Every structure is written in structure tokens, then in C-alpha cells.
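Whole structure, please, built from the sequences with the hints as guidance.
Number of protein chains: 2
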Amino acid sequence: MPVNYRTPAAADLWPVAGVRLGVAAAAIRKPDRHDLTVLALDPGCRVAGVFTSNRFCAAPVHVCRRHLELGSDARALLINTGVANAGTGEQGLRAAAETCAALSQLLAIDDRQVLPFSTGVILEPLPVERLIAGLPACIADLRADHWHTAAHAIMTTDTVAKAASRRFEIDGKRITITGISKGAGMIRPNMATMLGFIATDAGVAAPLLEQLLREAADESFNCISVDGDTSTNDSFILIATGQSGIEIADASTAAYAQLREALIAVAMELAQAIIRDGEGASKFITVAVEGGRDRQECKRVGYAVAHSPLVKTAFFASDPNLGRILAAIGYAEIDALDPLDVDRVRVWLASGGSEILVAEKGGRAASYREEDGARIMGEAEISVRVDLGRGSARAAVYTCDLSYEYVRINADYRS
Amino acid sequence: MPVNYRTPAAADLWPVAGVRLGVAAAAIRKPDRHDLTVLALDPGCRVAGVFTSNRFCAAPVHVCRRHLELGSDARALLINTGVANAGTGEQGLRAAAETCAALSQLLAIDDRQVLPFSTGVILEPLPVERLIAGLPACIADLRADHWHTAAHAIMTTDTVAKAASRRFEIDGKRITITGISKGAGMIRPNMATMLGFIATDAGVAAPLLEQLLREAADESFNCISVDGDTSTNDSFILIATGQSGIEIADASTAAYAQLREALIAVAMELAQAIIRDGEGASKFITVAVEGGRDRQECKRVGYAVAHSPLVKTAFFASDPNLGRILAAIGYAEIDALDPLDVDRVRVWLASGGSEILVAEKGGRAASYREEDGARIMGEAEISVRVDLGRGSARAAVYTCDLSYEYVRINADYRS
Chain G
1 MPVNYRTPAA ADLWPVAGVR LGVAAAAIRK PDRHDLTVLA LDPGCRVAGV
51 FTSNRFCAAP VHVCRRHLEL GSDARALLIN TGVANAGTGE QGLRAAAETC
101 AALSQLLAID DRQVLPFSTG VILEPLPVER LIAGLPACIA DLRADHWHTA
151 AHAIMTTDTV AKAASRRFEI DGKRITITGI SKGAGMIRPN MATMLGFIAT
201 DAGVAAPLLE QLLREAADES FNCISVDGDT STNDSFILIA TGQSGIEIAD
251 ASTAAYAQLR EALIAVAMEL AQAIIRDGEG ASKFITVAVE GGRDRQECKR
301 VGYAVAHSPL VKTAFFASDP NLGRILAAIG YAEIDALDPL DVDRVRVWLA
351 SGGSEILVAE KGGRAASYRE EDGARIMGEA EISVRVDLGR GSARAAVYTC
401 DLSYEYVRIN ADYRS
Chain U
1 MPVNYRTPAA ADLWPVAGVR LGVAAAAIRK PDRHDLTVLA LDPGCRVAGV
51 FTSNRFCAAP VHVCRRHLEL GSDARALLIN TGVANAGTGE QGLRAAAETC
101 AALSQLLAID DRQVLPFSTG VILEPLPVER LIAGLPACIA DLRADHWHTA
151 AHAIMTTDTV AKAASRRFEI DGKRITITGI SKGAGMIRPN MATMLGFIAT
201 DAGVAAPLLE QLLREAADES FNCISVDGDT STNDSFILIA TGQSGIEIAD
251 ASTAAYAQLR EALIAVAMEL AQAIIRDGEG ASKFITVAVE GGRDRQECKR
301 VGYAVAHSPL VKTAFFASDP NLGRILAAIG YAEIDALDPL DVDRVRVWLA
351 SGGSEILVAE KGGRAASYRE EDGARIMGEA EISVRVDLGR GSARAAVYTC
401 DLSYEYVRIN ADYRS
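Residue numbers (full-length UniProt numbering), protein chains in the order written: chain G, 1 to 415; chain U, 1 to 415.
Note that these hints are calculated values from the structure, not bench results. Bear in mind the structure is a predicted one, so any value in this text is a computation, not a measurement. Do not take every clue at face value.
[To be verified] Reference listing, derived: stretches of chain U covered by chain G, where coverage requires no fewer than 3 residues with Cβ under 8 Å from a Cβ of chain G:
hint, segment
1, 121 to 134
2, 403 to 411
[To be verified] Cβ pair distances, simulated, as ranges:
hint, chain 1, residue 1, chain 2, residue 2, range
3, G, D335, U, E381, 31 to 41 Å
4, G, R293, U, R293, 39 to 49 Å
5, G, E215, U, A365, 38 to 48 Å
Every residue gets a Cβ at the ideal spot worked out from N, C-alpha and C, and that includes glycine.
So, in C-alpha cells, the structure goes:
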């Protein structure tokens, strides 16, 4: 059961002019389930992507990067679940290329205009024939209002589909942003991967689209962690169809700021949904770090707390075992040259409206009461706020607790 | 149940001339258990220590560092369990100082000749009065053959006491090395801390003792991890009494090499015992990384594998889910300027005499059979060997699996 998250209704996901989606059951790994998705893009769409930093990145990630670098207008996204096509060497690259070629023939486009994505078991070969055999059904299914079915088709062991949609106005013209995502880093037992696809009918100049994508990723998908395992397949794609009639070419305009704010809201909703559906998650935890020298050290401290198995099990147990949080802050190693002064660090616990100071001056706050800490640790939505007392930068990281269920799911033999 | 580890018998722990140990039950946190230990050192002993890198390090760690820096010959080590005296601010420093002063008066030495160590709950005040009240009993109990009782007295939630002892000859003179340890990083639910104390009757010149200690730590206590949580109290102390008549003043001598080898063997035995007794551990896993540019990047890759919850749960499940190991190698980030070439990486699984190649050329080895992987993953002692194919450096890291029991222990409310 995800923590306070429900998939939006199909009717709440606005179509994005210029994007059509189709799904099919291709029996990639299991029969009788939607495991193949195609996003068909009208001519003139601009597409930008960010991908995993994992050196063992999947074959489709290599192909996507190459096709985007070639700069040919992307016309189709091809997504399969079941097999990640990662750790498959040369053969995997050939397999990814073959699927792009097959789809490009069916759509009468260049194969470099196809961007492939895979999610599933690592180290297993992609069943190219079955995938290609499923493509005609995908194409026959293409519709502008299929975001909801696509959100379900890209699921692997997700327990809920993840989608978000926003509408707003720029210069009196209506702009739509709709997106879907799946997974959560590498928290899935064998189904690696986080995928995120967001489209808008705003027009954004190519270099600016890259900037917009990176700013949105930095505020959303790059702020979440369940277990700190970086997947081999992570991909986040932003599509700008331009069919709203709005064209944004300057980052200093109000229009860019409006689009950026709305895009970050959608990306954040999709990213947080992944954590709310995290393996065995019973709590959604925000680690907000402020007072840092720069954003990077704030994130470093945030991740140290978010990745600590001791902190995560304490949240699972609703145990205000705050020494574990201080210890994690203490070993974040932000301070090779400029040591963290722990006497200036302050830590708060918060939930709902109430926030309590738990630590200051290197120890427990005089005003702290164990029962107050226990009450907040018992909630499903908890914030840990950390003030490093050494600057004005801030960053937030989102994670979940570590439960028996996490171990059960990940210890299950692949079946 | 620790993995293939049993505490040595008292008779197997050789006394070290110049060191006497005494224990007492001071009811620091719980009644009727040995929780206070004193090591009394004859004049002329040389002592070196390495401590946690955690910025939130405990008050006794601050005091130990200061007393060792003052260079006054240490004459006594004072160790309490139950309360870590960490995250206790100024008050904690005063408490640690008071206990040193009390013991120094009883032993008629300078308080700067006492080195204090605490292990237990963080953020709770040290009960100074009860601790001081227990000191006379400790002193009355001082004996050269009390290593075994001391090993038990420094336990917190360890399930077995950890001790090791070696005898060998240098230039025809018999040298003894005996040591004890407890805990494992911060894997204990609330009882923070790894402590290690090793004594030898060899004489080692002061600067050389520092070097010897760091070399031994780098090969042993700095190569283990259960959950990657660095404790606030970690301390590793090496005592050289010199009473064997052997004096070592030059690192280039055969005598130094002999002593170093024996010391590393003892330190490794104590460090590995901590992992074998790791929370919920059902398997002992060695991650041996070779072919690296330098030792540091080998350790980085080793820890990435050793800290991955996905790898650790796969070991718990005896699931040869090898993609998780490749993924961990891939995100170890050793390669900002000099990217890891995954096509040159090779990975083997080994147990007992048999070793199998599981991955090469960026994917699964052609010769690999799932049933062979499953057989090895089912063993209690498993080695993962990684060849990075980019240099000649090597390093080994030791860890255990991640089980339900780990979550249970750490999710238990402090009691």
C-alpha cells in the first residue's frame, strides 16, 4: 500500500497535443499483461533526456544518448518492461537497435528518431522477436488520451501507476503538462529502473529545454532515494510539442519561470509517488537540510540521513532514536577542508503542523521531550529538518522507511 | 548466532607482560552485569590510537585524542558500556574528564594518563557517580590473565565476546599479541560503537607505533561494514609494553615486518569476528577487488557492493541476482576523470575451493550457469572477486547479509 498516494483518474490526465500513446501485451517476460508502450510524437517536437550515471548503464540508455546527440527530431519513444536489456554487452546494443529499426519502418521514420527504454531483469537477453511482433498492436492503439493506460503498461513491480497532469496559462494561452513514471531507483527485487516521461504543448528552444529538464530533475527525481542503489536504466525524458502556440526561447522571461514552476510540480509529484510506493514503505520522509555552504553539501547530508539503515529502521519502528540522525549527519563527510561545527547543527522533527527542536549544541535540546518525538515518529508523513549553521544553501531529499517488507520483497527469489 | 565464530577459551588468550585487566558491575545502564573495565599499564608502555571520523564523535574520543596528543605515557584505559557519552555536548566532556580524574587518583597517576572509552546509547548523560563508584572493584580485579573476562565486559548487544591472541618469535625472543573487540560500526540498535584494544610486549618506538597502528587498521577494522553507519565512538588502540626485551625502531627491519604481519592477523581476526556477529548476519561475505588504479578505488568499489541493500538481501536469499553486483560496481563512482570501462570488468563468485566467472565484457559470462551461482550463494562463507581491469591495486572489504533479523533488532524500541 503506497503512503498517501492514489493514481489520478484517466479523465484527470490531460492529453498533450502532439503526443499519442499506445500499449500492447507482447509477452516480453510474462504473458497477458501490457508490457510494451509506444509514444508517437508529431513532427516538430523537441525532446531532452537525462540518464543514469551508472557505468553499467543499459543498452537502450546508450542508444537513447546517441540518438539524442544526433539531434534528429525524435518521433517515437519505445518502452518495454520485463527485461532491462542491461548487462547484455554488444548483443544488447544490437537488440535495442533492431527494435528501433522495426518501429521506424512501421512509422515511416528514421530509426534514429526512435528512443528506446527498457525496464526489468538485468543480465537477461531482450526477446527482440516478441517485442517486434507486439509493435503493430501498439501502433493500432495510439491515442492522445492513453496516458492512463501507458502509466499502467510501464509498471513492473510498482503497486500503483504513477501519473500527474497540470494545466495553466501563459500569456492567455492554455499550457498542459502531463507525465508518467514507474519504479524507484533500484529498489525493485529484480526489476531495475526508474523511468519518467513528461510532455508539454509549450514550445521550448532546444538548448533551453536541456536546462529546463536538468533543473526539474535536480528538484525532483534527483532528490529521491529508497535504498541508494542507482539503477542501470534510469531515464527522465521531457517532450515539448510546441502545439500550444507558446514558444519560449529565453530563461529570463516570466513565461519560462511559469513553465519551470509547473514542470517541477509535475516532476515532484511523479518522483514522490515513486517513494510513496517504495518497497515496503510505511512512511514518507522528507529530509530538509538548510544552512549549508552550497546545495551539494545539503544534499550530501540529506542522503546520509536518508540512506542510513539505522535511521530508516527507527522510522519503521516509530522510535525517536535521534542519535542515529546525528550520527548520520556526522559521517556525511561534507567537510574535508572545512569541518562541520556540530555545536552549530540543529535538528527538528515535524509532522502536520507541529515541529519540535530535538538537537542543538552537539546534544539533545533542553526543551525536547521523548513523548513528543515518539508522537511525530508515529505519523505516516514525517519531516526531518537540519540546519547546518554554516551558510544559506538548502536542499530536500525524499525517502521511506526500511521495513521487514523491504527485505521480504528483495529476498524473494526471482520468479 | 555468529557465522563460524567462537570466542577463544580463556586459556588461549596469552597475557601480555605489562598489562592487567579488571572488570566490575557498576549498573551504568542495567544492573548485575559487567559494564566497567580498566586496563592498567606498567610505566614505559607506548600507546597509539585511531578514532572515528564522525564529526559527532563522543566526548571520550575527544578526551582520548587530547591525552594522546599530550604525549604523557598512558597508564590506564577506562571503558564503560551502556552509555556512549556521545551527543552530550559540554556536559559530556566534563563527565569524561571527571571519570579520568577519579581513576587517576585511585592509581596515583596523572589524569592525562587515563584514556576513557564509552559505548552504548547516544544522547544520554553518563552516570558519572555510579561509574566512579565501580572503579575500586575494577582495580581490585586487575590481573594479567583477565583478557577473557574483559572481552565479555565490553560487550553491549554483541552475541559473543571477541578476542584473539598470537605468539611468535623475533630474534629468538617470544612476542605475544593479544586483543579484544566489540560491536560493529553502528549496526547495534542503540549501542553505538566498535572498540578494539590490542597489546603486545614488543617495544615499538613512538612514531613507528603510529604507523604500525594505521597499517593494521587499514587492513582490518577499516575494511569491515555491516550497514555503512560510522559510529560516534569507534576507537582502536594499540599498546606496546616493551617487556619482551625486543625494541623495534626501524620499519625496514625484518622484525618490524614480522610484528606487522602478526598484528594484522590479530586485528583481522577481531575485525572479522565483528562481522561474523553482525546483526542478523547469516553469511560472511568477502568482497575482494583487484585490478584497480589504487587501493582507494578498490575499497570504494568494495564498499559499494558491500553496502548495497539489494546485494545484501540477495545474499540473504541465496539468490545469484548478479545484476545487482554489476549495478553496484557501476555506481561506485571511482571514475570522475577516468571512466571505468565496464567491458574490462570481470566478476567471480567463490566459496570453499570453487570459484566461477559470472560476468565479463559488460554482461554475463558465457560459461556461467545459474545453478552454479545458486550453489555458491547458498554457502555461509562467500567471496565476490572483482577485477576492474585498470591497474594493479587491490583491497578486500568484509560484510554480512541483510536479513529480517537485522530489521527486527534495529526496529526494536530501546528497552
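Hints, one by one, checked against the model:
| no. | hint | verdict |
| --- | --- | --- |
| 1 | 121 to 134 | holds (count 3) |
| 2 | 403 to 411 | holds (count 7) |
| 3 | D335/G - E381/U: 31 to 41 Å | 38 Å, holds |
| 4 | R293/G - R293/U: 39 to 49 Å | 30 Å, violated |
| 5 | E215/G - A365/U: 38 to 48 Å | 42 Å, holds |
Of the numbered hints stated above, the single one contradicted by the structure is hint 4.
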